[in-house]
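**Q** Residue numbers (this note's numbering), protein chains in the order written: chain A, 98 to 377; chain B, 3 to 274.
These aren't lab readings, by the way, just hints derived from the structure by calculation.
Positions of the beta carbon are idealized from the N, C-alpha and C atoms, including for glycine.
Some clues are possibly wrong.
[Claimed, not checked] To give a feel for the contact side, a few chain B residues facing chain A, derived at Cβ under 10 Å:
1) Ile95
2) Ala113
3) Gly177
4) Phe256
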Amino acid sequence: MKNISINWKDRIIPVIFIIITLLFLTLFLVLPLAAIFVEAFRKGVEGYCASFRDPYAWSSIRLTLVTAAIAVPINVVFGVVAAWCIAKFEFRGKNILITLIDLPFAVSPVIAGLIFVLAFGRQTTFGGWLIDHDIKIIFAVPGIVLATIFVTFPFVARELIPLMQEQGILEEEAAVSLGANGWDVFWKITLPNIKWGLLYGIILCNARAMGEFGAVSVVSGHIRGETNTMPLYIETLHAGYESVAAFSIATLLAALALVTLIAKTIVEWKVKRERMVDNS
Amino acid sequence: MKKHSVLPGFGLTFGITLAYLSLIVLLPLSLIVLNTASMSFADFLKAIGSKQVIASYKLTFGASLLAATINGIFGFIVAWTLIRYKFPGKRIIDAIVDMPFAMPTAVSGIALTAICAKNGWVGSLLVPFGIKIAYTQLGVLVALIFIGLPFVVRTLQPTLEDLDKEVEEAAASLGATKFQTFWYVIVPSVLPALMTGFTLAFARALGEYGSVVFISGNLPMKTEITPLLIVMKLEQYDYAGATAIAMVMLIASFVLMFFINLSQWYARRFSN
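Could you build all of it, start to finish, from the sequences and the hints given here?
**A** Shown next, in the form of structure tokens:
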């Protein structure tokens, strides 16, 4: 009799845990995701398509693409350089450097926007000088790009540092002692080893660059057709009770988020498999 | 400064890293400190201590703390379920946990508002009970739970995976009850990770803007979060006021970052 009751207890706890997990995640993650698409198609396919006949929608899409096209490559180069420095060498103050690279994650996006207003806004001497010379940074595209660079700054370095530390420097040292130069070592040995981690870092960096709201909102000035990125235009539409149009544009960003999640799952699977091959 | 290595490129990469870091992150951030230092202390206190600002601290800190606690509990259950149990669809569930990271905050914001509004899927169910989520403090809490969940789950998962099942079996074979095993064996070994996850979720919630401002409705003194006040001050061209509040938030973030590093250091020492 006792045995049976233990079995019953052993089974009931997993079932309760699984049910709580499914309910909680459905409520907080699945429902909002579904709501985006349902709201976007509230007036049917015709209503959805009509949202994209708006020229302001297209200019916001273009600005988002341009911003990401500048911010992401810059941060990819920086991320690889920083990861090489931190993972391949031992030096004093390394932990402080890692913490400083993570800083943009610890800072509110609103503050990320504010600091560029403090640096280039028209209330400062420098900002006044810039405006006198017809260089617009705040309430213009350069400010949006700068704020985006700031918030996406750690992504690539963060993905690469642990990966490169784990791989060590034995292979690179062997190549150097056989006479290879630094570039060859990087392109032929390091890069193939980190390609999946790098790809994932780029995807994350890009997702955040295209989706950033708070930081960009502070520096943009929300000028329709000029400084509205997709997330900002969604806000403009939502505030104007154009719900279908707001959710239609949101579906594009939601699709980007889903692609990011799928890419993450694939990359994790690849890394796991390569590790298993290495170990066997 | 650096130990000898045969690999090339230390000077170059270190120099670029430091220069870029200073230019993009450190220099701009230092402007907040500099601008605050140029204010008189009385002005600073006035800016950070007005009634409206104090109300926003209460809401932001209170809701963030509560959201991180709720995430601590449910995040543990989710992480435990994903590591220990097998069920259909587990892989998809595991992948979707990262959604709040991947989804732009403005999109999450309007989606949460849509389901929590009076005529929304969840909001309409609560109307008979007289509970309102959208445009109340409860809405702020919902958004902060959403945004913080992945931090707790993703910090706990590796620790739970490393947890040796044999230790639990040993405890059970020595006569420990399920509860005793949980309380004396599992909880102490996951506590550092749980604390780290909790603090990360709390820190993120403090600074969160995009997902909150849609669902909160931004009612003066009631549902205004602190980051929103910074934006409002800027819109009124009150740069000093905005900077002073930002300084307070920056200090809060740095204190939390210190705690995160401390708890990770403690976790490493503990596991060794």
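**Q** May I ask which of the numbered hints given earlier this structure violates, with the numbers listed in increasing order?
**A** 3
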